Amino acid sequence: MNSSLMIPKLRFPAFSEKWEPTKLDNNSDSVMYGMNSSAIEYDGKHGYIRITDIDDNNCFSPNPITSPDGVIEGKFRLNRGDIVFARTGANTGKSYLYKESDGEIYFAGFLIKVSIINAVPEFIYQNTFRAKYDNWVHIMSMRSGQPGINAEEYKSYAFNIPEDAEQQKIANFLSSIDKKVSLLKEKDALLEQYKKGVMQKLFSQDIRFKDENGNEFPDWQPKVVGDFMIESRIKGGSGLTAKKITVKLWGKGVFEKNENISGSENTQYYQRKSGQFIYSKLDFLNCAFGLIPDYLNNFETTVDLPCFDISNGINKYLILEMIKQKRFYKKYGDMADGSRKAKRIHAKDFLSFPLDLPSEEEQNKMASFLQAIDKKIQLVSQQIEQTQTFKKGLLQQMFV
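To convert, count from 1 in the sequence shown and add 408; that's this note's numbering.
The set of hints was computed from the structure by calculation and includes no laboratory data.
For clarity, every value in this text was computed on a predicted model and none was experimentally measured.
Worth double-checking, as some hints may not be accurate.
Using 20 Å as the maximum straight-line C-alpha spacing, the simulated PhoX-like pairs for lysine-lysine come out as follows [unchecked claim]:
hint : residue 1 : residue 2
1    : K738      : K689
2    : K799      : K593
3    : K799      : K603
Ranges between beta-carbon positions, derived for each pair [said to hold, decoys possible]:
hint : residue 1 : residue 2 : range
4    : I448      : K783      : 39 to 47 Å
5    : S776      : Y441      : 49 to 57 Å
6    : S776      : G605      : 15 to 23 Å
7    : Q786      : A498      : 23 to 31 Å
8    : I525      : N580      : 15 to 23 Å
9    : S646      : L418      : 51 to 59 Å
10   : R538      : S469      : 19 to 27 Å
11   : A498      : F663      : 18 to 26 Å
In this text, a Cβ means the ideal position worked out from N, Cα and C, and glycines have one as well.
Make the full structure from the sequences, and use the hints.
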């Protein structure tokens, strides 16, 4: 192999030696499967890590933390230097480097523990964030109908490695970036929590704004949704020709629907306009609500995703936030759904739901306040994305 290929494009100035090829097996003294146990309520001491407890950033993120059931054997406890890998299913390839700050943790049967020696564990762990590793996981796991990688196959994972001092330098540097991302995510979560708490107080009228003269706004007026929304049914094309949109669960927005297979020519679609309110009949109880963005103007949906024009004098942003409140959609959605087997909330039912509204001026004040929080959340989200992109670029240049 050309020795120049064994030197990374970007490295710390104190190092110049070429890297050496190795395998995971060469850098570990044990590779073992986890304990077969069900998860029970956390006992206050014995944490339990399963595939589902490893998040997209390869961190231990249980919700909530659990304990393993039955007899707990010490050999299944994670220790410093241990990395666990997901060995089956859609999460195959996920990894987690044990951190003592996570407490006493035992690992489940669908995970494989690799105890690292002769190398810096954090360096090998950072390898699992690389595109090269993702490609290896894809190739290894898709050779049978059920995705999976066994212990012997993980041991064969090949990568290149520098001397210990350079490993540690790289690991420390990349870990500092991970820490920054973690802190940004904590900030994002706190802002989301703050917004949620503020909305609860605003919409229950525990907090009220005042007008420009310091006077109280008028009392909120009892309405039903149909007082300020009307269903839109502008006929469009069929399933063969329609440019389709969908609305995501939990208020995550409206997006173009990408389909590999065209819809039926017998299905009638309806044009949707920017600024209209949209929801999914089938997922009403899963908070599938949104406003059509400008770039999706004239896209189409079936009647299963009804759309509504909102009256002038109504703040669209605020109405969406009010409808996204569980106290609204869950309460009235459950009442309308009743015991019907097909859990669909029809337009006529939605338009009958009660919703007290503040005056237009107070609506706008409330919306401006909440949108200011949204901007802060958006800024933090952008910082997270930029930092993660920055790290991805470093991974491409700091490893060979």
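Okay, the hints, checked on the actual structure:
1. K738 to K689: Holds: K738 and K689 sit about 13 Å apart, inside 20 Å.
2. K799 to K593: Holds, because 15 Å separates the two Cα atoms, which is no more than 20 Å.
3. K799 to K603: violated (29 Å)
4. I448 to K783: 39 to 47 Å: Given range 39 to 47 Å: holds, Cβ gap about 43 Å.
5. S776 to Y441: 49 to 57 Å: holds (56 Å)
6. S776 to G605: 15 to 23 Å: Between S776 and G605, where Cβ atoms are some 18 Å apart, the hint holds.
7. Q786 to A498: 23 to 31 Å: holds (29 Å)
8. I525 to N580: 15 to 23 Å: 19 Å Cβ-Cβ, so the 15 to 23 Å window holds.
9. S646 to L418: 51 to 59 Å: Taking Cβ atoms as reference, S646 and L418 lie about 54 Å apart, which means the hint holds.
10. R538 to S469: 19 to 27 Å: Holds - the Cβ-Cβ distance for R538 and S469, about 21 Å, lies within 19 to 27 Å.
11. A498 to F663: 18 to 26 Å: holds (22 Å)
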